[in-house]
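Let the sequences and hints guide you as you build the complete structure.
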Amino acid sequence: MEEIISFETASKAIDLAALGLLALALFGSIVRRLDTAILLLALQGVMLGIASGAAALAEMQWRSWAAFIVAIGVKAIVIPLALYFVLSRLSITHDLETTISTKVAFPIAALMIPLSYSAIRPFTEGEVRAFDAPNALPAAMALLLLGLFTMVIRKNALTQVIGLVTMENGIYLAAVAATRGLPFTVEFGVAVDVLTGVGVMGLLMHEIRRHNPALNMDRMKGSIG
Amino acid sequence: MSGLSLPAWTMLLPIFGYLAAVVAAILSVNGKNALRPVSSLITTASALIGVVVAVSALLDNETQTLRGWELFNGIQIGFRLDSLAAFFLLVISFPAIAAAIYGIGYLDSAHEPGHAAAQLPQRAGIDGAAGAFLASMSLLVLADGIFGFLIAWEAMSLTSFFLVIGDGANTARRSAAYTYVVMTHIATGFILFAFLGLAQHAGSFNFTQIAGAAGSLGAWQRDATFFCALLGFGTKAGLIPLHIWLPKAHPAAPSHISALMSGVMVKTAIYGLIRIIFELAGPGPRWWGTVLILAGIVSAVMGILYSLMERDLKRGLAYSTVEHLGIITLGLGIATLLFNDDRPELAAFALFAVLIHLLNHAAFKSLLFLGAGAVQTATGTRDLERLGGLIKRMPRTAIFVLIGAASISALPPLNGFAGEWLLFQSLLKLGGSDDTAPIATLAGIGAAALALTGALAVACFIRLFGIGFLAQPRTDEAADAHEVSKSMQFGMGLLATCCLFFGIGVTFLLRLIEPVVAQLSADSAPPPVLFARGVSTDSLQGSYAPLFVALGLVVVGILPWAIARGLFGKVGRRIAPPWVCGFRIETGMQYTATAFSKPLRLMFQFVIRPDRTVVIDHPDSPYFVTGVHYDETVRPIYERYIYDNLVRGLFGFSRLIRPMQGGSIRAYLGYVLVTLILVIVLAR
Amino acid sequence: MSDAFWLIGLILAPVFTGLACLIARGARACERINVMGALVTLGLSVAVVARIIKDGAFDSVRGLLYVDAFSGLMIASIGLVGFAGSMISIPFIRTENDRGAVPQRDRGVRLYYAGIHAFIATMYFTVSVDNLGLLWVGIEATTVASALLVGFSRKRAALDAAWKYLILCTVGITCALFGVLLTYFAARIGSGNGSLDWSSLAGPTGTLDPDLMRLAFVFILVGLGTKAGFAPLHTWMADAYGQAPSPVAGMLSGVLSSVALYGILRFHTLTTMATGTQFSGNLLLGFGLFSVLIALPFIVLARDLKRLFAFSSVEHMGLMAIAFGIGGPLGVTAGLFHLANHAATKAFLFFVAGSIRQRYGTRRIAAIRGMLRVEPVLGWMLVAGVLAITGTPPFGIFVSEFSIVSAGFHGDRWEIAASIVIVLLIGVIFAGFMRHLIGMSYGIAGNNPDRFAGITPAWKSRAGIAAFVPLLIVMVWFGVHVPEPIRDLFNEIAAIIEPASREVAAR
Amino acid sequence: MDTLLVPVQILLMLFFAPLVQGVIKTSKARWQMRHGPGVLQPYRDIAKLLSRESVQSDKASWIFTLAPVVYAAALMSAAVLIPTISERSAVTGIADAILFVALLALGRFALALAGLDTASNFGGMGSSREVTFSALIEPAIMLVIFAIALPIGSTNLTAMAGADIAAVAKILAFGALLIATITETGRVPIDNPDTHLELTMIHEGMILEYSGRPLGILHWATQVKQLAFLSLLAAIFIPWGMADAGDHSISALGVGLGAFTIKVVVLGLLLGVIETSVAKLRIFKAPDLIGFASVLGVLAVLASYVVER
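Residue numbers (this note's numbering), protein chains in the order written: chain A, 30 to 254; chain B, 53 to 736; chain C, 109 to 615; chain D, 267 to 575.
Hints were generated in silico from the structure; no laboratory data involved. In this text, a Cβ means the ideal position worked out from N, Cα and C, and glycines have one as well. Some clues are possibly wrong.
The calculated label-pair distances, taken between Cβ atoms and stated as ranges, are [what the hints assert, rightly or not]: (1) Thr223/B <-> Val588/C: 34 to 42 Å; (2) Lys132/A <-> Arg213/C: 48 to 56 Å; (3) Ala525/C <-> Trp339/B: 21 to 29 Å; (4) Asp520/C <-> Leu118/B: 35 to 43 Å; (5) Glu122/B <-> Ala525/C: 50 to 58 Å; (6) Ile33/A <-> Gln212/C: 51 to 59 Å; (7) Arg692/B <-> Arg310/D: 58 to 66 Å; (8) Asp683/B <-> Trp585/C: 49 to 57 Å.
List time: in silico DSS-like cross-link candidates among lysine-lysine, alpha-carbon distance up to 27 Å [unchecked claim]: (9) Lys538/B <-> Lys84/B; (10) Lys650/B <-> Lys314/D; (11) Lys622/B <-> Lys314/D; (12) Lys538/B <-> Lys444/B; (13) Lys84/B <-> Lys568/C; (14) Lys551/D <-> Lys650/B.
Which stretches of chain C does chain B cover? Using the computed rule of at least three CB atoms under 8 Å from a CB of chain B, they are [unchecked claim]: (15) 271-283; (16) 399-408; (17) 531-545; (18) 569-581; (19) 585-594.
As structure tokens, then:
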């Protein structure tokens, strides 16, 4: 069938979604409360949904729709809910104890963005302009770094999963931005892996809680050296 | 002259023989007790074959090669038996005969815990390792190509490592073996550099091709190669200050192995140096020779000084090995300097000196270690201060050791002096090679150092023999010592005979090794004439005719007694206790080894820095002393100032890094993030 | 039967074995299935490798799978180590089970066997797919599969280790995925159509945008480098290898890290085709040197046997990276040879370590003393293994390290300097190893080592022998002689990894 | 005629040595305003000792018995090497200056072992000091030899006899060799030949246990050694009147003999003077003097090249 919106519009939408994601991730790396962080994660999912939705409308291929479903379904609903569920079961305060103060964390986190832009600019600007959504790739990279950064500064296992999912979102964004998308096998494999990965993490978390109820990663010191 | 002109494959016979010995040892682990000596006997036979192969190769003087197989990336395993290899095969093999035979009796009746070979497995271990050790050494000299060389080199180090550590029962041996294996391994690294540099230039790993390409080497390549080779082989040769493993490791091994390590193994380093300098990387600039000469001087003097300070029989001998390797290096330095000066005929002379001394050292150092082993077997101790009076209790051993001591002290007409005489002559040739003051002074200093070393060696071995074997036993162990078993006597006797014959018949040796020198100095090298009849005043060379000197000594020795007899007739001889100012003579009155070397210790304080500890114990009042303990130990300065700091540095660094692995997952994630960012930034 | 059959079978056989183990009744049955499955898998891998050696690369399942010489090498090592691993598992797990150390008794055993075979399957999958995206999928799959094995003994330390392993590797792998995407974009910019098929990318038609490829390689290197264990991304290794059951640790260290390296090298090739060898080569060289340097202090100060070996893995991954970084036919073949040697040797060592742990009831080096007296056979196996891993003849690693260094000497002055540095570092590492080895094998046996004398020694059971002997044979064999076809294989791979230098290794 | 030179030389050395000893003793006595026993006294002493039976330590072994033989053999053969009446060393082509040093070492080796063999503390002390000092002096001797031998490129004593090298070098070398002589012959200021104070004695310590014929032989050999050193000094530094190596006519040899006698007597007087005029050094001060000899030696080597002949 033929597309509902033009590629240009889709690109615009993806572009905006990318910026939105960027803002969310940046904010997410410094929020104080755990459930807020989860909420932000859900919003990221929504943003991805918008992006992939736009792509799907433009491409009108069933697997783009599949991508859209995954984004909305898994990233915006399932994972946040699962995390919230675990959180409610956890015997911990919903306050996040970050290790470094926000005053320090925020500038560092903010630095990731110009870094990403400077790294990818040559392909999104200038004569070899490969993409219609110039912000998509830089944003994706920034999400990657921000997610990692979140994992570094947060003690709790949940927040680490959140950071991880943020990174995944980055990838997802990049994948979506690749209009006329990746080979299906790849996308499929990626999806399966991510799901099983998160599943295994849940399993381990479940086990770990037996001796580390707060899932505090700093109580996880292995033997030194 | 021409030998048996054996086919090429025979060069591998000794190696296979040794390996057969290893197999025999392994089989005998749980075998019957009667099988004990089998392995040693096979080793003996293989060593004999080795001697035959080597001598015949030297006699018919042609290079034989065996193509092996390609291992990987052009690494070729091949074998070559040229004159140099043959000579070293000889140096390896003839002490091996003695050591193997000696080993039979020694292992039957070794005292020291850990060497006690009553239980078969351990003995099998020692025999097997010894076989592998000899095999690797023979392979080392036969290997044609750096890879075979390195494999043999490492195998040699490892097998000897296992022999040194034995059953590792006591800490001292463990640490000795550890120091040894680590130092030799790191040294191997430098040898690797030297070789790989050459191989890269030649585009081949084979000595033949490398030697072929040596001409086009760049100056700095030569120098780098030489430098690395000096560090690497210098460590194995025990040049000060790279030697610290040597006096630890050599004594720790069973004595017949110590004999092989000290008498033979260290020589492989000289082999490597000769190959590098004269075939693969040379000729180079002058400073090579100078450096070698100076290094040799330092090692020789310091080595013999430390040897003088030792109370432990075998440690003393090990230090004297340092000394002699220093002397050999000195000679090699002379040869190198002259070779690099493009004076092949003079270089040839120096090479003769080096090789002869090397051969002799193999004989008498092995002999002395076997002797030390015999003493240890008979008394259960190696501490000079606990010995004495052994000459009456183990007369044959005493004679053998005396011969060894006289040879190593370079006394005419024994073999030690022949080598030293040639060295002095080559120093003279060096001084004459160009009449500039520096070279002359170098020669003069070298001569002085050699003389000092010789004199100190005399002192050292007078001390060793005099305190250890003469006068009264100082302890009960020494008092009820007994002569050792026949096989041990045979081993020692064999080498003692070598010492005598190498001394008298040095001329024949010189003619035997003529092809070696010719191969190295690329010049038909007539062996130096030791003995010139009929003197024409224009060409008056220094000369030394061992046989005549020996005869002369006998005649002149008899003469005064004959005169006395003729003039005053026969006189009697009474046996009486010695006069000690009217006191009853006690063993405590005898001079101790420590006291004997005291004056020298005082005079050379500034280099050897002895630690003196005097403990005066008095029960209550300081005026009523019940006993005074005096001990003086020598802890080498370089250990104090170099090696300790190195080790400390390593561990400091490690402790510095260790917290990085703190166990905090967030830190780990942090590393990932930082690395990622860094690489991104760097990559742009 | 067609090649495709063998190949698919190779990947499916372990899967089915795993499933069979899962539903099997009782531990013994499990073991039997395990043996059969392992044998079948080994046979298939041999068949595939033989096919590759005989007549080159081939694909199947409509280009989904594609194996060339490089895959062949990996399949061979996975086959060897995987087989040995599943063999040694039998006595190992049996002992653990007897001691009640296996959670949920027989169920735990079933899960274990299912786990290792799934793990093996994922590794086979990774090295035999054509599409780089699927390659990524495979590597992530190995992580997921092995994470549970690492945490097998539900102890706290094990779980923590597993968690670290999972998180770090997933993070890394996510970065790698981004790298894959960038590669895809690079392909699109370079040649209009975006594809991730190796056969087309590396083919003559494949053109990639150099700048973007460069960035892509950075992410790939850091991402898969985490998995391969380059310092400073190696941090999970010590815990994971230390806590994983020794057979698993052996497989992780022996082949899994090499599989990750395999991934890196595929992209390395693409990058070199796009930007020339310098860029990615130097990165590899840098990471390699740093890894060897970082491994040193931990080896010197190691307290725990398996952690010691873990850090030695860091060192050896570093050496391989250096070899490939040096590049050229010599460097690459040397690196590949080292990869093979390391697989066999390190697996051997970990299996030995496992036996030691079961014998002494501890992994503390200080507590393991006088092995040559207490347990001579095992003791000599340890000695042999350590000597082999530290690069002493007559073992293969000596040859490969020698070749790496000599390759370095054929390079420019930086590479010469690098090889000099690594030789010295290796020397010091040897010193560290010997210190531990002498203590363990010769030291005076303290605190009653006979406490655990009762256990059935792994190295004496038939399965144990079946595990140790092949590894030992390979270790020694490659030390004295490398057969012609294998050398050709290496040269072929060298031509694949560095198309620039297609001529066979010089001399 | 040449082959006859060997026995002539041996007999000359053997029977001349006590005389020189006598000369030295007499000159000492005269310088000390004593009358002295006369120059022939050493002959009488030796004769007396040779005719006496000997007493041997019951702790000692055959080393003790053999030592005097080896000692005498070594030193007397060493004496044979030195050119005396002719510039030609009696055994040219068989032995050279280096062997001379080695033979001294051989003698020392034998005697020091004997000293240790007696199981009394004096012997050990003597040996210890003996080997110490000779270890220090041997480099000096070798340096002197090289100072002479390097320019002429030979260690053959015939060639070294009256070799023409730079005067400066000769003087320096002479100084070094003189000190060496004093040390090796155990004279003041290094050692005191006519005391048995345990604090000072070196040579006497080693032979303390000897008596009768062996002691006589030892004394004799020591005197031969002393003569050998004196004739070495003479041959190298004051070669006047020696018969040319070429012609050994009776006349030439006669002249040589005369010259030789005069030279050694003069040198003996010189030793006497030194022994009277300086005080004995503390035993651990002696090394400084001996070290000085080595320094002179090095300078001699340098001078023999730097300074014009």
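Going down the list of hints, with the structure as the test:
1. Between Thr223/B and Val588/C the beta carbons are some 35 Å apart, a value that agrees with the proposed interval 34 to 42 Å.
2. Our hint of 48 to 56 Å for Lys132/A and Arg213/C holds, since their Cβ atoms are close to 54 Å apart.
3. Take Ala525/C and Trp339/B: their Cβ atoms lie about 24 Å apart, and the range 21 to 29 Å holds.
4. A hinted range of 35 to 43 Å holds for the C-beta pair Asp520/C and Leu118/B, which are about 36 Å apart.
5. Our hint of 50 to 58 Å for Glu122/B and Ala525/C is violated, since their Cβ atoms are close to 29 Å apart.
6. Our hint of 51 to 59 Å for Ile33/A and Gln212/C holds, since their Cβ atoms are close to 54 Å apart.
7. Restraint check, Arg692/B to Arg310/D: a C-beta distance of roughly 59 Å satisfies the suggested window 58 to 66 Å.
8. Separated by about 55 Å at the C-beta atoms, Asp683/B and Trp585/C satisfy the suggested range of 49 to 57 Å.
9. Our distance criterion of 27 Å between C-alpha atoms is met by Lys538/B and Lys84/B, whose separation comes to about 22 Å.
10. Restraint check for Lys650/B and Lys314/D: the C-alpha separation of about 37 Å exceeds 27 Å, so the hint is violated.
11. This hinted pair checks out: Lys622/B and Lys314/D have alpha carbons roughly 14 Å apart, not beyond 27 Å.
12. Taking the CA atoms of Lys538/B and Lys444/B, the gap is near 17 Å; set against the 27 Å cutoff, the hint holds.
13. Between the alpha carbons of Lys84/B and Lys568/C the distance comes to roughly 25 Å, so the proposed pair stays at or under 27 Å and holds.
14. Taking the CA atoms of Lys551/D and Lys650/B, the gap is about 15 Å. The hint holds against a cut of 27 Å.
15. Note: the stretch 271-283 of chain C has 7 residues with beta-carbon separation from chain B under 8 Å; the three-residue rule is met and the coverage holds.
16. Only residues whose beta carbon comes within less than 8 Å of a beta carbon in chain B count, and the stretch 399-408 of chain C has 5; three or more means the coverage holds.
17. Figure legend: the stretch 531-545 of chain C, annotated as covered by chain B; annotation consistent (9 residues with Cβ-Cβ distances under 8 Å, at least 3 required).
18. A count of 0 residues in the stretch 569-581 of chain C with a Cβ less than 8 Å from any Cβ of chain B is obtained; the coverage claim is therefore unmet, three being the minimum.
19. With a cut-off of 8 Å between beta carbons, the stretch 585-594 of chain C has 3 residues touching chain B; three or more are needed, and the interface restraint holds.
Consistency note: the structure conflicts with the earlier hints numbered 5, 10, 18.
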